[in-house]
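K.L.:
Keeping the supplied structure of chain A fixed, place chain B upon it in accordance with the hints.
Listed below are the residues making up each chain.
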Amino acid sequence: MTTTSHDDVELVDFDTVLAAYDPALGLEVHVELNTATKMFCGCPATFGGEPNSHVCPTCLGLPGAMPVVNGKAVESAIRIGLALNCEIAEWCRFARKNYFYPDMPKNFQTSQYDEPICFDGYMDVDVDGETFRVEIERAHMEEDTGKSTHVGGSTGRIHGADHSLVDYNRAGIPLIEIVTRPILGAGEKAPAVARAYVAQLRDLIVALGVSEARMDQGNLRADVNLSLSPKGSGTLGTRTETKNVNSFRSVERAVRYEMQRHAAVLDSGRSILQETRHWHEDTGITTSGREKSDAEDYRYFPEPDLVPVAPSREWVEELRGTLPENPTEKRARLQSEWGFSDLEMRDTVGAGALGLVEETVALGAAPQAARKWWLGELARRANDAGQELTSLGVTPADVAAVQGLVDDGTLNDKLARQVFDGLFAGEGTPAEIVAARSLAIVSDDGALSAAVDEAIAANPDVADKIRDGKHAAAGALIGAVMKSMRGQADAGKVRELILAKLS
Amino acid sequence: MPDSLSRDEVAHLADLARIDLTDAELDHLAPQLSVILDSVASIRGVAGDDVPPTSHALPLTNVFRDDVVRPSLTPAEALSGAPDVDQQRFSVPRILGDEQ
Numbered sequence: 001m002t003t004t005s006h007d008d009v010e011l012v013d014f015d016t017v018l019a020a021y022d023p024a025l026g027l028e029v030h031v032e033l034n035t036a037t038k039m040f041c042g043c044p045a046t047f048g049g050e051p052n053s054h055v056c057p058t059c060l061g062l063p064g065a066m067p068v069v070n071g072k073a074v075e076s077a078i079r080i081g082l083a084l085n086c087e088i089a090e091w092c093r094f095a096r097k098n099y100f101y102p103d104m105p106k107n108f109q110t111s112q113y114d115e116p117i118c119f120d121g122y123m124d125v126d127v128d129g130e131t132f133r134v135e136i137e138r139a140h141m142e143e144d145t146g147k148s149t150h151v152g153g154s155t156g157r158i159h160g161a162d163h164s165l166v167d168y169n170r171a172g173i174p175l176i177e178i179v180t181r182p183i184l185g186a187g188e189k190a191p192a193v194a195r196a197y198v199a200q201l202r203d204l205i206v207a208l209g210v211s212e213a214r215m216d217q218g219n220l221r222a223d224v225n226l227s228l229s230p231k232g233s234g235t236l237g238t239r240t241e242t243k244n245v246n247s248f249r250s251v252e253r254a255v256r257y258e259m260q261r262h263a264a265v266l267d268s269g270r271s272i273l274q275e276t277r278h279w280h281e282d283t284g285i286t287t288s289g290r291e292k293s294d295a296e297d298y299r300y301f302p303e304p305d306l307v308p309v310a311p312s313r314e315w316v317e318e319l320r321g322t323l324p325e326n327p328t329e330k331r332a333r334l335q336s337e338w339g340f341s342d343l344e345m346r347d348t349v350g351a352g353a354l355g356l357v358e359e360t361v362a363l364g365a366a367p368q369a370a371r372k373w374w375l376g377e378l379a380r381r382a383n384d385a386g387q388e389l390t391s392l393g394v395t396p397a398d399v400a401a402v403q404g405l406v407d408d409g410t411l412n413d414k415l416a417r418q419v420f421d422g423l424f425a426g427e428g429t430p431a432e433i434v435a436a437r438s439l440a441i442v443s444d445d446g447a448l449s450a451a452v453d454e455a456i457a458a459n460p461d462v463a464d465k466i467r468d469g470k471h472a473a474a475g476a477l478i479g480a481v482m483k484s485m486r487g488q489a490d491a492g493k494v495r496e497l498i499l500a501k502l503s
Numbered sequence: 001m002p003d004s005l006s007r008d009e010v011a012h013l014a015d016l017a018r019i020d021l022t023d024a025e026l027d028h029l030a031p032q033l034s035v036i037l038d039s040v041a042s043i044r045g046v047a048g049d050d051v052p053p054t055s056h057a058l059p060l061t062n063v064f065r066d067d068v069v070r071p072s073l074t075p076a077e078a079l080s081g082a083p084d085v086d087q088q089r090f091s092v093p094r095i096l097g098d099e100q
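Chains as they are written, first to last, in UniProt numbering: chain A, 1 to 503; chain B, 1 to 100.
No wet-lab data here; the hints were simulated from the structure. If you're wondering where the values come from, they're calculated on a predicted model, not measured in any experiment. All residues carry an ideal CB built from backbone N, CA and C; glycine is no exception. Hints may contain errors.
Simulated coverage check for chain A against chain B, where a stretch passes if three residues somewhere in it have a Cβ under 8 Å from a Cβ of chain B [claimed, not checked]:
| no. | segment |
| --- | --- |
| 1 | 36-42 |
| 2 | 49-56 |
| 3 | 64-76 |
Same shape as in the complex, but just chain B:
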C-alpha cells in the first residue's frame, strides 16, 4: 500500500464512491487522506517480523450455521426505512453505471 495518495488517485476513488468532488475539495482532501495513511502506516513499525498479518482478532475458523429457515421480516417491515417504495420494491434513482 502506498503511504501517500496522489490527487488523481483521490479523484478516482471519489468517482468509484459516486462522490462528486470539486477541484477545491480535491486539493483539500488529498493531503488529508495521505496523513491518515501515514498514521496507519506507523503501525508497521510496531509489528515485528514475528507478527503475521491478520484480518481477524479471534483465532476462530468454521463458524457455520445450520441450513434452517428463520423468519424473515415482513415486506412492510423491510420497506419501512426505504426513502421511496413502489410496487412493494425499493425505488432508487436511475442507474448510472451498469449491472455487475
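Isolated chain A, as found in the complex:
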C-alpha cells in the first residue's frame, strides 16, 4: 500500500503549494442525533452501556425483524436541513448500502442514496471577516455502525489482528450525514474555511438541540475531502478522503497536511490515488486507508422494508417555525448589542469564542470585559496548551465571577490573571482562590497612604513635577506604589491619593 499511496513523500512548503495549485475542499459531517431511541427500532440510543445491551432483533439484523422509522429522527433531519437553507424532499426513500464488514450485522447499512431528505442548501461561513458560502449538496438520514475492537496479532492494529470483537450498541443510532459541494477558491484559507465550517455547523446543531454534538465522543465526525488542480486550470483533481477527523483544530491541520502531501506527489510526476486516509491526531499526519470503492460496488437499492418518507408541506413549515435564530443574523444582533467593532467581532468569531462571550455576558460581565478575557489571557493559554477554548476547563461562569471581582474592586487585572492560574490548577472557585492566595486588593487606606508617602519620598524629582501640574508624571509613582503593594492595589485609587497629596 505504501508505494501506491505515496506515504513516504517529503511535504511541500504550504506557500509553494499555493503558488502552483488550487485546492478543492469537501466536507462530510456525520451528526449523531440525540433521540431517545435508534433510527429503526426502540433500543436506547444512549452513549455507552454494557456491551450488546442496547440491541434487539432489528438492529442485530436477525431474520424476519422489521425496521420502523423513528419519527423524531425525521423531524431532526428536516430541522437540520431547514437551518442549512435546504430544500426538503416531498418524497424520498431509504436505500440499502451493501457491504461486507462486521460493523453492520445486516451486511448492509440503511441509508439514503439518490433521494436525500434535504438537498441544495448553503451555509455562510465567516473567516477573518470574509464570508464564504459553503454549498450543501445534501443532508441524508442513515444509521450508525457497531463498534469493533481488534485483538490479537502483533500490533493490535487492524492488519494482523487475529479476530475482532463487535459491540452493536451503537449500530442503528440515527445519523445525519451533511455533504458539501466542492468548495473552490478558498486558496490559502482552505484549512481555515474547513475549520470554520465545521465549527459553525456544530454551533448550529447545538442551537437546534438535535445532538450532543461532542466531537470528542464521536457525536460529530468530519471526513475531509481534498484535491489539488494546477493553478487556474479550473479542473478538479483526484481527491482523497481523510476519515474521522475529530476536532476543529485537526480539521484545519488535516486539510493543510493533505494539500502539502498532494503537491509533493503531483510534483514528483505521480498521480494521487483515490482512497480513504486515516488521520493521526498525535503525529498530525494521514496514512493510507483503503482504495475508495465505486458507489456502484455498494449496489444501492431502495429499502423494501421501509415505506417512503413524504413530509407534508404543513409539517415542514411547522418545523421551520421551531428554528433557532439564524447564526448570521444572531452575530449581527450580538455585535450591535455589545457595541463591538467589526474587527472585535471577527476576532471573537474566529477564536470560536462567540458562544463563550455570549454566556459570560449573560452571567453579568460587560461585553468588552468578557471579550478581553476569552480572546486575551484564555486564548493565549489555550494556544499554549494546543487546546480549544471550550475544552480549557474554565467556564463562562468562572470568567463572569472573576470579572465580577474586578468590577467590585476586589481584584485588578493583574491579580485576576493569578485567579486564572488558580482555576487551571484546580484550586476551586474564583472566590476560594482569592481567599486562599490572599489576592484581594488592599483596601486598607492607611497601608496605601503609607506606600504613597514612601514613593513620594523616594522620588522627589517626580513629586516636584506633579506639584508643578504635570499630572502625567504620576505614572512613575503609581508604578512604584503598585510594586511595593505587590500589585494588590487599585491603580485608580493610588493615582487619586498621589494627586491629592501633591496638590
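P.N.:
Same frame as chain A, now just chain B:
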C-alpha cells in the same frame, strides 16, 4: 440494467460478496446468472408505459414510530446465536477489508 453478465462482472460480484470462486465455478455460474436476469427482464415486456416503476407494493408513506424506548434483548440473549463470544462481544474472524 444489462440483460446479461460477463464472466468478469460475476467475478467482481463474487469478490464483493466475499465468495471465493474457482475458474470452473465462474464458467458454470456466469451463464446461469444471465439466464436469471433474462427471465426477470421479461417482466419489462409486460409493464406498459402507464405502469411506473415502484419499490413498494403498498401505497403507504410516513409510517413512523414514536421515539419511545422499548426493552432490548439481554446481552446473553443477543449473543446466544453468535458462533463465538469474547468479552460479551461478537467475536468474528479478522477483518480483511477496512472500515466503511
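K.L.:
Taking a Cβ-to-Cβ distance below 8 Å as contact, does the segment 64-76 of chain A have at least three residues touching chain B?
P.N.:
holds (count 7)
K.L.:
Is the coverage entry for the segment 36-42 of chain A by chain B consistent with the three-residue Cβ rule at 8 Å?
P.N.:
Since three or more residues must qualify, the claim that chain B covers the segment 36-42 of chain A holds, with 4 doing so at under 8 Å.
K.L.:
With a C-beta cutoff of 8 Å, work out whether three or more residues of the segment 49-56 of chain A approach chain B closely enough for the coverage to hold.
P.N.:
holds (count 7)
In terms of the numbered hints stated before, the structure departs from none.
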